[in-house]
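Asker: Chain residues, written in single-letter form:
Number of protein chains: 2
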Amino acid sequence: MTGTLYGVGLGPGAPDLMTLRAARLIEAAQVIAYPTLAGAESFARAIAADLIANDAREIVMDVPMSVERAPAQAAYDKGAAEIAAALDAGDDVVCLCEGDPFFYGSFMYLFARLSDRYRVEVVPGVTSITACAARAGMPLAARNERLTVLPGPLPEAELRARIDGAESVVIMKVGRHLAKIRSVIADLGLTASAVYVERATLPQEVVLPLADAPEKAPYFSMILLTKGADPWL
Amino acid sequence: MTGTLYGVGLGPGAPDLMTLRAARLIEAAQVIAYPTLAGAESFARAIAADLIANDAREIVMDVPMSVERAPAQAAYDKGAAEIAAALDAGDDVVCLCEGDPFFYGSFMYLFARLSDRYRVEVVPGVTSITACAARAGMPLAARNERLTVLPGPLPEAELRARIDGAESVVIMKVGRHLAKIRSVIADLGLTASAVYVERATLPQEVVLPLADAPEKAPYFSMILLTKGADPWL
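If you read the sequences in order, they're chains A and B. Following the working numbering, the residues of the first sequence are numbered contiguously, the last one being 235. Following the working numbering, the residues of the second sequence are numbered contiguously, the last one being 235.
Calculated from the structure, these hints are not laboratory results. Treat the hints with care, as some may be off.
Same chains, same label: a pair holds when it works inside one copy or across any pair of copies.
DMTMM-like cross-link-like pairs, simulated, lysine to aspartate or glutamate; straight-line CA separation at most 25 Å [stated by the list, open to error]:
| # | residue 1 | residue 2 |
| --- | --- | --- |
| 1 | K182 | E169 |
| 2 | K175 | E147 |
| 3 | K218 | D189 |
| 4 | K175 | D214 |
| 5 | K218 | D79 |
| 6 | K80 | E70 |
| 7 | K218 | E147 |
| 8 | K175 | E60 |
| 9 | K175 | D64 |
| 10 | K218 | E123 |
| 11 | K175 | E160 |
Bound conformation, chain A alone (with noise of 0.2 Å):
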């Protein structure tokens, strides 16, 4: 019987923000896998540690940082391949994602490679966007308001043009982009309604008006923007 690849998402940092779908089956498992990035630490491993049978096998995946995309590709290709070894020899396989594996995770690099061959079971997660919102005491959309996820990446005239006339707006992967969209959002006279959340939900959170935000913000950070949800008071 070949196995099942889990996709499980463990939410955006604090361990009992995983559900418990997630931990019953990291617990069972004889197979997790992960991707690294560079030979840093898995942030995914570390959220599921204590979760984790001594004696599971762990597939890791590094992923080296590259402007190019074949050098990531050959990673995920490894990957799927070591995956698929195990499947076919019945074991089946826990994939660890930080956040929810279908949302700006790693994980879908695995699903487009294997899904056609495997039988794939995602496990959604809680995602940094409402786990920042809970932290930021911020509500992200209420009754006919639209949502609006933009990564912080985009350049800066489409940054510009896609925050203007959005109703609540999340803007992910902040890191070295976080000097650009400051620029924007000032720009559009928008800064008072703004919040800076890093590593939220974890001990090193930080919660701050974006006025107030540091210089330098980790690639796990984010941007809060509610032009004020009706409380309907």
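Got chain A sorted already, so can you dock chain B onto it with the hints?
Answerer: This is chain B only, laid out in the frame that chain A set:
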């Protein structure tokens, strides 16, 4: 000591898609609160049912169906007053919220009424958008892609304008707006890339190409439209 109000996201419907933190809080709760709509059974309470203590006190906010705002506002005012009385008596109150409390949830109305006077903690949950994506096998957004969330009740012209030029689109609260949304998507030539999902993760779940969707949709239904996330093969 005044109690704490917890706004607890329960996820999309399957009870094991709630977080470990949500489960722990519900099991320990002596007072729980939740809204019902016009006397109907509470979906949130049904998700949490197996974890609620037999002797827990339940504060039920019955929200009438009405096009006018005042009756619903009065229901939340009354619920907020009951919750405040419990908090003043030193009890914690766990408010049950399907999905995530700050993502199109009615908890926002309690948050607006109580967060200036009481300690409020929001526990994020898995939203219907990533749950539907998981069940449909459709990645929502990767790398620098944008994601647009639109409520189905928006006027036809606005829906058309917002979908046209968007990348990934999620249309929430489809319900009685299905025919209108379908015609907008057909006009834009996007029917082939649209998927209809109803009651995701529940036993009655339906996942179909939009072209095969039923004529009548329940409130808890969604349409996902992706213009093809790059799988990085």
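Asker: For each hint, tell me whether it holds in the structure or not.
Answerer: Status of the hints after comparison with the structure:
1. For the identical chains of this complex, K182 and E169 are neighbours both inside a copy (20 Å) and across copies (22 Å), given an alpha-carbon limit of 25 Å.
2. In this homomeric assembly, K175 and E147 come within 25 Å of each other (Cα to Cα) both inside a single copy, at 23 Å, and across copies, at 12 Å.
3. Within a single copy, K218 and D189 get their C-alpha atoms as close as 20 Å, which meets the 25 Å cut-off; across copies the closest is 45 Å, which misses it.
4. In this homomeric assembly, K175 and D214 come within 25 Å of each other (Cα to Cα) only inside a single copy, at 18 Å, whereas the closest approach across copies is 37 Å.
5. Proximity of K218 to D79 under the C-alpha cut-off of 25 Å is found in neither arrangement, the shortest distances being 34 Å within a copy and 43 Å between copies.
6. In this assembly of identical chains, the alpha carbons of K80 and E70 lie at most 25 Å apart only when taken from the same copy (17 Å versus 59 Å across copies).
7. For the identical chains of this complex, K218 and E147 are inter-copy neighbours only, at 23 Å across copies versus 31 Å inside a copy, given an alpha-carbon limit of 25 Å.
8. Taking identical chains as interchangeable, the C-alpha atoms of K175 and E60 are never at most 25 Å apart, the minima being 27 Å within one chain and 41 Å between chains.
9. With identical chains, the CA atoms of K175 and D64 are at most 25 Å apart within one copy only, with a shortest distance of 20 Å there and 40 Å across copies.
10. In this assembly of identical chains, K218 and E123 lie within 25 Å of each other by CA distance neither inside one copy nor across copies; the values are 37 Å within and 28 Å between.
11. Proximity of K175 and E160 under a CA criterion of 25 Å is satisfied intra-copy only: 16 Å inside one chain copy versus 29 Å between copies.
Of the numbered hints given earlier, the model fails hints 5, 8 and 10; all others are met.
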